[in-house]
Amino acid sequence: MSDTSHGFGRVLVAVYAVFALAASARSIVQLLTKAGDAPFAYSLSAVAGVIYVVATLALARGWRQLALITISIELFGVVVTGLLSVFDDSLFPDQTVWSGFGEGYGFVPLVLPLIGLWWLRRSRSIGAGQT
Amino acid sequence: MTDTVAYGLAIAALIAALFAGWHTLTERPFGNSLFYVIGVLEVALVALLVGGIAALSMTSRDVDGVLFVSYLVTVVVIPPAAVLWGIAEKSRWGTGVVVVAMLTVAVLCVRLLDIWKGTHV
Numbered sequence: 000m001s002d003t004s005h006g007f008g009r010v011l012v013a014v015y016a017v018f019a020l021a022a023s024a025r026s027i028v029q030l031l032t033k034a035g036d037a038p039f040a041y042s043l044s045a046v047a048g049v050i051y052v053v054a055t056l057a058l059a060r061g062w063r064q065l066a067l068i069t070i071s072i073e074l075f076g077v078v079v080t081g082l083l084s085v086f087d088d089s090l091f092p093d094q095t096v097w098s099g100f101g102e103g104y105g106f107v108p109l110v111l112p113l114i115g116l117w118w119l120r121r122s123r124s125i126g127a128g129q130t
Numbered sequence: 000m001t002d003t004v005a006y007g008l009a010i011a012a013l014i015a016a017l018f019a020g021w022h023t024l025t026e027r028p029f030g031n032s033l034f035y036v037i038g039v040l041e042v043a044l045v046a047l048l049v050g051g052i053a054a055l056s057m058t059s060r061d062v063d064g065v066l067f068v069s070y071l072v073t074v075v076v077i078p079p080a081a082v083l084w085g086i087a088e089k090s091r092w093g094t095g096v097v098v099v100a101m102l103t104v105a106v107l108c109v110r111l112l113d114i115w116k117g118t119h120v
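Chains as they are written, first to last, in numbering that gives the first Met the number 0: chain A, 0 to 130; chain B, 0 to 120.
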């Protein structure tokens, strides 16, 4: 078992799993039913979905390096997408998880990577199975 | 699929989330009462799945059927998955997983209503 999926990490993995499901299922529906409407937004949804799936697996399995990489991409993605959607909303005729800094999802997508990075640091310093 | 059903289930899920959250904060282990609360909610969600599919086959509304049924199924699967995965965690955060699951169920119930009414994005 891994140290990143115990204690508080258990809850974190659960939230990541919800977002992995939400983002990837949404993008699959979007790409299958109306791919031509907003290709950029829907491709981004798909990328976000993959990132969440990999981050969930990495946290659940305790693959720290992969978790660090995917969570960093996630943070970068939500900030850049958030800025882009504010300055040029023509790029986003339809919603993605990350547009408007994740406002469609209660801004959880913006907060989640910060908590993820904090947890990666903290779970290293306290060792396995604590708190 | 009516407002009463959707919001009623969402509120029930929120109550379950609060109850689970109280367990988390007070470091109570996953007990029988929490199990029963989730069990009752799960029975209601299975009824929603059956009723939702029946309503879908009879309605003249233009509902996105695939999306609607996939939400119904997801909402039924989440609670048992959360309980199994939460019980495996022996620290206080085991019930924290249940909090996340119940909040998700509440959100999905409201989204189901949007899909039913055709007001979703």
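Check before you lean on any hint, since a few could be wrong.
Quick partial rundown of chain B residues pointing at chain A, CB under 10 Å, derived from the structure [said to hold, decoys possible]:
1) 23
2) 58
3) 62
4) 63
5) 68
6) 90
7) 98
It should be emphasised that the hints constitute simulated quantities derived from the structure, not laboratory data. All C-beta atoms, glycine included, are put in the ideal place defined by N, C-alpha and C.
Hints and how they fare:
no.: 1; hint: 23; verdict: holds, 8 Å
no.: 2; hint: 58; verdict: violated, 20 Å
no.: 3; hint: 62; verdict: violated, 14 Å
no.: 4; hint: 63; verdict: holds, 8 Å
no.: 5; hint: 68; verdict: violated, 12 Å
no.: 6; hint: 90; verdict: holds, 5 Å
no.: 7; hint: 98; verdict: holds, 8 Å
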